[in-house]
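Novice: Can you make the complete structure from the sequences, with help from the hints?
Listed below, chain by chain, are the residues.
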Amino acid sequence: MTISEITSQLEQGQTTISATVEHSVRAAEEFNDTLNAFLEIDRKGALERAQALDKRAPSQNALRGIPIAIKDNICVRGLQASCGSKILGDYRPPYNATVIDRLLAAEAIIIGKTNCDEFAMGSSNENSAYGPVKNPWDAARVPGGSSGGSAAAVAAGIVPVALGSDTGGSVRQPAALCGVVGLKPTYGRNSRYGLVAFASSLDQVGIFARNALDVAAVLGVIAGRDPRDATTADVPVPDYRGELGLDLKGLRLGFPEALFGKGLDAEIGAAVKQALDDYRKLGAEVVTVDLPNAQYAIAVYYIIATAEASSNLARFDGVRYGFRAEETPELRQMYRRTREEGFGPEVKRRIMLGTYVLSAGYYDAYYLKAQQVRSLIREDFRRAFEKCDALVTPTSPSVAFELGEKVDDPLAMYLNDIYTVTANLAGIPGLSVPCGLSSKRLPIGMQLLGPYWSEPTLLRLAHAYLENRPLMEKPKLFAAAR
Amino acid sequence: MPITESDIEKVAQLAHLDIAPEELKVFGPQIADIVAYVEQLNAVDTSNVDPAIGGLTPEGEGTDASRRDQLLPSLGQETALAEAPDGASGHFRVPKIL
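As given, the protein sequences belong to chains L and F, one line each in that order.
In this text, residue positions in the first sequence follow the numbering used here: the first is 1, and each later residue adds one.
In this text, residue positions in the second sequence follow the numbering used here: the first is 1001, and each later residue adds one.
Careful: at least some of the hints might be erroneous.
[As the list claims (entries may be wrong)] Here are the simulated DSSO-like cross-link-like pairs (lysine-lysine), alpha carbons at most 30 Å apart as the crow flies:
(1) F:K1010 <-> L:K86
(2) F:K1010 <-> L:K406
(3) L:K86 <-> F:K1096
(4) L:K273 <-> L:K262
(5) L:K406 <-> L:K273
(6) L:K86 <-> F:K1025
(7) L:K406 <-> F:K1025
In case anyone wonders, no lab produced these hints; they're calculated from the structure.
Specialist: Laid out in structure tokens, this is it:
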């Protein structure tokens, strides 16, 4: 079910909010043994809220009665926020993230918190302290990461929409691997107040849905300036559904040919090129563009993201919240033991790498250099967008891989993000759109990248494509409509 | 410059991590691999390139992020301490420092 289907059934009196939410909660519960997508399901809270809304006179609120799942690194008052980590454990924040306040004001219903890689660090969900999420298309495979639980919950039909966070592709890559739409908005488009910080110059809250309309509906609710997040920009929030359905005549799409070479699964390259052909048929023009510094993006990303993470994660010290190691009679020992026992291996690896690149004598060689190359990557995009309205690339170099396949090789895992990290480094929006299935019946995603604040154009492109080529097949694990 | 196990030990200490010897054996080569990979940036000519500062868009940079210096409702002491592993008498209690 999509938002518009639920809304129209509610308007016509064919269902109630309580029945809609019950269906969603039950599906979350039934699938959790196989998918492990949820770390907490708030059956009681969700149903109480649904019943209260059913008693109220119907409103025109955009998300009235819509069940939504929230990644476990976004604070919802009273629900756990473990971030997939043992160090936060059953921490229950006493406040809501701004995006949560806005969803609730629009009368959405939060049904639970979704599993993710620890502190959003990972591309497969195997870094969660609470076990990996499984891909609804094939439970022997990863859903992608780090927002794998949110992606799987939408793909399996448990909820129409979910929130995730995207620091280097953590919404778009799992969206691609699970066959759903995933948006990372422009940096500063929405508030991160209440999103547990990983890398502050890259993090954005993102949206999963099964079509562009539903992404637009949620973005319209959560976007906009927030005095509690100084990085949110004072840029008007348009009607994101306004351009959906317009034809594509006059739009120019950039084809960065060099990104379709080495390391890319041939089936994915062919599917994305087919999508470009489809766009031509829909009236868009395709031009070749060059992003000469994109090849350095992973190196730049893993310096900047780990440096920022080493600083942001310093706050987890066993004093104010979460876990504290036992029998530590001295303060420094308590810090060290708490962090050693509380963090998983990938988080430790990144904290150490970040500490290393920032340490005395290395700062200029690594961090400063990375920020300079980041400027070059931004400039590449600025030039490319002089020639086109959006770029089309693959979202991920491979389809969903098997659990355990890359777990011992961190660098190979990092290369999953080769197509997605550039958008975070440049601050531009990126949208992953399903564009077919591989020969193994696994979803393929294409990525649309646009200039700052071009979400309306990206959603218009996604909508036109999906109207023309909807993903008809459903995953093996899919909650049947009532 | 190749990164050694003693570098990793030092970094772990700076980061307040009590890394076990067997972890050091795993992390050492992995971090060395990643550092070797990121060193490809040395090949890029960045003379006369200003470093990027943060992730802001031009519009974000132009946004006045200041707000009035006024008291707003806060969580309050009891709520703020409620999630602490060892909250006591309105304080966060920690093991001895000296």
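Novice: Compare the structure with each hint and give your call.
Specialist: Status of each hint after checking the structure:
For the given pair, K1010 (chain F) sits about 25 Å from K86 (chain L) by alpha-carbon distance, which is consistent with the 30 Å threshold. At roughly 28 Å between alpha-carbon atoms, K1010 (chain F) and K406 (chain L) fall within 30 Å of each other, so this suggested pair holds. Annotation: proposed proximity of K86 (chain L) to K1096 (chain F) holds, straight-line Cα distance about 24 Å (limit 30 Å). Under the criterion of a C-alpha separation no larger than 30 Å, the hint pairing K273 (chain L) with K262 (chain L) is consistent with the structure, at around 15 Å.
At roughly 27 Å between alpha-carbon atoms, K406 (chain L) and K273 (chain L) fall within 30 Å of each other, so this suggested pair holds. At roughly 23 Å between alpha-carbon atoms, K86 (chain L) and K1025 (chain F) fall within 30 Å of each other, so this suggested pair holds. Annotation: proposed proximity of K406 (chain L) to K1025 (chain F) holds, straight-line Cα distance about 19 Å (limit 30 Å).
Hint compliance for this structure: every hint is met.
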